[in-house]
Amino acid sequence: GAVVSQHPSRVICKSGTSVKIECRSLDFQATTMFWYRQFPKQSLMLMATSNEGSKATYEQGVEKDKFLINHASLTLSTLTVTSAHPEDSSFYICSASPGLAMNEQFFGPGTRLTVL
Amino acid sequence: AQSVAQPEDQVNVAEGNPLTVKCTYSVSGNPYLFWYVQYPNRGLQFLLKYITGDNLVKGSYGFEAEFNKSQTSFHLKKPSALVSDSALYFCAVRDQAGTALIFGKGTTLSVSS
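So the sequences go chain by chain: W and V. At position 90 of the first sequence (counting the first as 1) the number is 90 in the numbering used here, and the numbers step up by one without a gap. At position 98 of the second sequence (counting the first as 1) the number is 1098 in the numbering used here, and the numbers step up by one without a gap.
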């Protein structure tokens, strides 16, 4: 199946700093990528839908100025957590789909963010 | 609005016994239904999907799921559980291209030896 990578897999940062997470589709082009957040033993909560070449669409309650999303190419989307605080600590997962509704989304391995 | 319900937080089953993980959905149009599995601190792995056609869908690792339109259900099943099947299972739905999957809350499957 298609492969989606995420980098870094784990990051620890100080409160107030910014962290960038990369999501890449390695063997297919993804017009749309998705960013999810997952708390321990809970479901994935959609944060935003990222479309190549345009602004991301954020879900209700997600601060777009805090979670900056850029989708500069068909294979790369980035999520930047700005001025991170301990409550931003979470597991962030991206996914990408070749585009058709019938196609499954392929998920990255996730990034564990810990803000001290 | 789309939604997915997984009524059980946890399912416990003995190794070798059949297992069922329940899922019901709500979507306005034709549903595209998916099951994913997640191991600790890992991303999601695709198990199977229903798009159209035969209501019984077979997927990875011996799992299968049955689409029931009248009951709006898509339960995950396996005839004989393995200890290695222990993980967190998510049911998901989407109704059109370009939209994100909407996930259920997840069901923890625990298979005892």
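The hints are simulated quantities; they were obtained by calculation from the structure and are not laboratory data. It is possible that part of the hints are untrue.
Which chain W residues face chain V? A few, computed with CB under 7 Å, are given here [as the list claims (entries may be wrong)]: (1) F34; (2) P40; (3) L44; (4) G61; (5) V62; (6) N70; (7) S73; (8) E104.
Ideal Cβ positions, reconstructed from N, Cα and C, are used throughout, including at glycine.
Hint-by-hint comparison with the structure:
no.: 1; hint: F34; in the structure: 5 Å, holds
no.: 2; hint: P40; in the structure: 10 Å, violated
no.: 3; hint: L44; in the structure: 5 Å, holds
no.: 4; hint: G61; in the structure: 15 Å, violated
no.: 5; hint: V62; in the structure: 13 Å, violated
no.: 6; hint: N70; in the structure: 18 Å, violated
no.: 7; hint: S73; in the structure: 18 Å, violated
no.: 8; hint: E104; in the structure: 5 Å, holds
In the structure shown, a violation is registered for the earlier hints numbered 2, 4, 5, 6, 7, in ascending order.
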